[in-house]
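Let's have the full structure, built from the sequences with the hints guiding it.
Residue numbers (my numbering), protein chains in the order written: chain A, 179 to 470; chain B, 179 to 470.
Keep in mind that the hints were calculated from the coordinates and are not lab data. This one's a predicted model, so the numbers in the text were calculated from it and none came from an experiment. Honestly, I wouldn't trust all of these hints.
When chains are identical, the list treats them as one kind, so a pair holds in a single copy or across two.
Unchecked claim - Listed next, the in silico DSBU-like pairs over lysine-lysine satisfying Cα-Cα at most 30 Å (straight line):
hint	residue 1	residue 2
1	Lys356	Lys270
2	Lys319	Lys270
3	Lys327	Lys270
4	Lys319	Lys356
5	Lys328	Lys377
Number of protein chains: 2
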Amino acid sequence: MTFSQRLFERIHQTNSRVCLGIDPRPEAHPLTHPDRFDDDPAQVAKAVVYYFRAIIEATQDLVACYKPQAAFFEALGIPGLIALAQIIADIKARDIPLILDAKRGDIGSTADAYARSYLGDGVFSSDALTVNPYLGSDGLKPFVDIAVKKDRGLFVLVKTSNPGSQDFQDVVTNDGRKLYELVADQINNLAEQTRGEAKYSPIGAVVGATHPLELSALRQRLPHSIFLVPGYGAQGGTATDVAATFDNAGLGAIVNSSRGLTYQSQGDDFAQQAQEATIAMRDALNQAIAGR
Amino acid sequence: MTFSQRLFERIHQTNSRVCLGIDPRPEAHPLTHPDRFDDDPAQVAKAVVYYFRAIIEATQDLVACYKPQAAFFEALGIPGLIALAQIIADIKARDIPLILDAKRGDIGSTADAYARSYLGDGVFSSDALTVNPYLGSDGLKPFVDIAVKKDRGLFVLVKTSNPGSQDFQDVVTNDGRKLYELVADQINNLAEQTRGEAKYSPIGAVVGATHPLELSALRQRLPHSIFLVPGYGAQGGTATDVAATFDNAGLGAIVNSSRGLTYQSQGDDFAQQAQEATIAMRDALNQAIAGR
Chain A
179 MTFSQRLFER
189 IHQTNSRVCL
199 GIDPRPEAHP
209 LTHPDRFDDD
219 PAQVAKAVVY
229 YFRAIIEATQ
239 DLVACYKPQA
249 AFFEALGIPG
259 LIALAQIIAD
269 IKARDIPLIL
279 DAKRGDIGST
289 ADAYARSYLG
299 DGVFSSDALT
309 VNPYLGSDGL
319 KPFVDIAVKK
329 DRGLFVLVKT
339 SNPGSQDFQD
349 VVTNDGRKLY
359 ELVADQINNL
369 AEQTRGEAKY
379 SPIGAVVGAT
389 HPLELSALRQ
399 RLPHSIFLVP
409 GYGAQGGTAT
419 DVAATFDNAG
429 LGAIVNSSRG
439 LTYQSQGDDF
449 AQQAQEATIA
459 MRDALNQAIA
469 GR
Chain B
179 MTFSQRLFER
189 IHQTNSRVCL
199 GIDPRPEAHP
209 LTHPDRFDDD
219 PAQVAKAVVY
229 YFRAIIEATQ
239 DLVACYKPQA
249 AFFEALGIPG
259 LIALAQIIAD
269 IKARDIPLIL
279 DAKRGDIGST
289 ADAYARSYLG
299 DGVFSSDALT
309 VNPYLGSDGL
319 KPFVDIAVKK
329 DRGLFVLVKT
339 SNPGSQDFQD
349 VVTNDGRKLY
359 ELVADQINNL
369 AEQTRGEAKY
379 SPIGAVVGAT
389 HPLELSALRQ
399 RLPHSIFLVP
409 GYGAQGGTAT
419 DVAATFDNAG
429 LGAIVNSSRG
439 LTYQSQGDDF
449 AQQAQEATIA
459 MRDALNQAIA
469 GR
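What follows is the structure, given as structure tokens:
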């Protein structure tokens, strides 16, 4: 089964288009606060696993997929990376699609090493990976090759949710296209080459919820790419902003929220609060799609 | 002491501008070959540490700095990351500047987490880090802030050594500048803001040896940035190609070679062969600079 088949089957089962982002911020919650563990990274990492396992348990029927953010695990050193492997194993054991947000990018054999790290068979093996296009087509190719071979997915950064995305991504080139449109067109070529008979290819795109006009235009420009949409909630994107990202069948995209779902409470009810926030987001997305 | 002071003091001591790249390719050498260890990643990682410790021992007076490539360690999973921490500790114990080549890039608190991971005080603490500019100025800022605060360095990807770097980096924008020139100009602004009284700021640039014309032009455009120059040797760049990267004092750049130095022999003389290749590269660079 391809990544898109797997993801869409899951969306049908759960009626949810929510991607729950797992961004451990140990300082943000008493349960994982470093002060509780005298700054011992192994103890902090253990608390992170406990915290997110409880959230996964409480949200597992409410999400399309989970998206751990590699940076926050790397910041906890070796214990943090063991925690990432544990959380990945937990999500896989539940057979829920898993996107690793690591924004890797390099060339040749180095890109291939990253692709093997995160789309191969090791402890960080994920169903899909976010990648950065700055290095060009020969930087993307090793990721594409492994994604196709192993039925995994890629989400290439196109137009990110931050204000500074205008600095380079919005630059107008001498043929009139913006840089992110050039990137999109290259992704569309890759999508055409890899989709076979399917509507959606393994090569998806990251497009921020904070740019609703660009989101609609890119939806037309990338008919064969699943969109991973960050920037919902905490960063300002609304359900109405992202509704146009979905195709007529209500598929073709997933919308991420991280701290907006997972750091809603300073108390012992953190998992229940995450559950309620996830239900609210799921329903808001579905209503916005139904109301188009 | 700032990163550039530290690096230049080291170049004076060693009279070497060689950056020795540590890219573990366990399949490339009998000593680290996975078949020897029944594919046990812990054993492979241990062999990697043994292999590169021997190479560091043999080259420690011959290099300006070492540059481990994160991807190849990540591909070995948790044991690979422990190996990375061990190799970082080994290089730090010898007080040799260390650049981690991880090409990270993200926004806001996520970029800050990457910066803390690699420029902070943890087991992956490095003197400098490579970063990807695609996300824009607010993606770079957390890295710049920590680099300045902790006297560390950054090397921002400008014009990479691969053929596909033309796809996006060479795109001509509507003001006539190529994208990589726009990126360079933004780096120069950051360099101006962070250099204080020094000629060189903590904000350096990655520019491939395979583009000698662009290398000279970028040297003029980025007078306050140290250049990290990949693409020497195996990828085709020569000492003559990179000579113009150095300022009149023979400073302002380091030239990387990885497999061209470290996988020269299939036999037990691998460290000695690495030593001889490093001496040859050091001398070729110095002669090309003297001959300008």
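Against the structure, the hints come out as follows:
When the C-alpha separation of Lys356 and Lys270 is checked against a cutoff of 30 Å, the pair qualifies neither within a copy, at 38 Å, nor between copies, at 44 Å. In this assembly of identical chains, Lys319 and Lys270 lie within 30 Å of each other by CA distance solely inside one copy; the values are 26 Å within and 35 Å between copies. For the homomeric pair Lys327 and Lys270, the shortest alpha-carbon distance inside one copy (19 Å) is at most 30 Å, but the shortest distance between copies (40 Å) is not. For a Cα distance limit of 30 Å, the shortest separation of Lys319 from Lys356 qualifies both inside one copy, at 22 Å, and across copies, at 23 Å.
Taking the shortest Cα distances, Lys328 and Lys377 sit within 30 Å of each other inside one copy (19 Å), while across copies they are farther apart (49 Å).
When the structure is compared with the earlier hints, a violation turns up for hint 1 alone.
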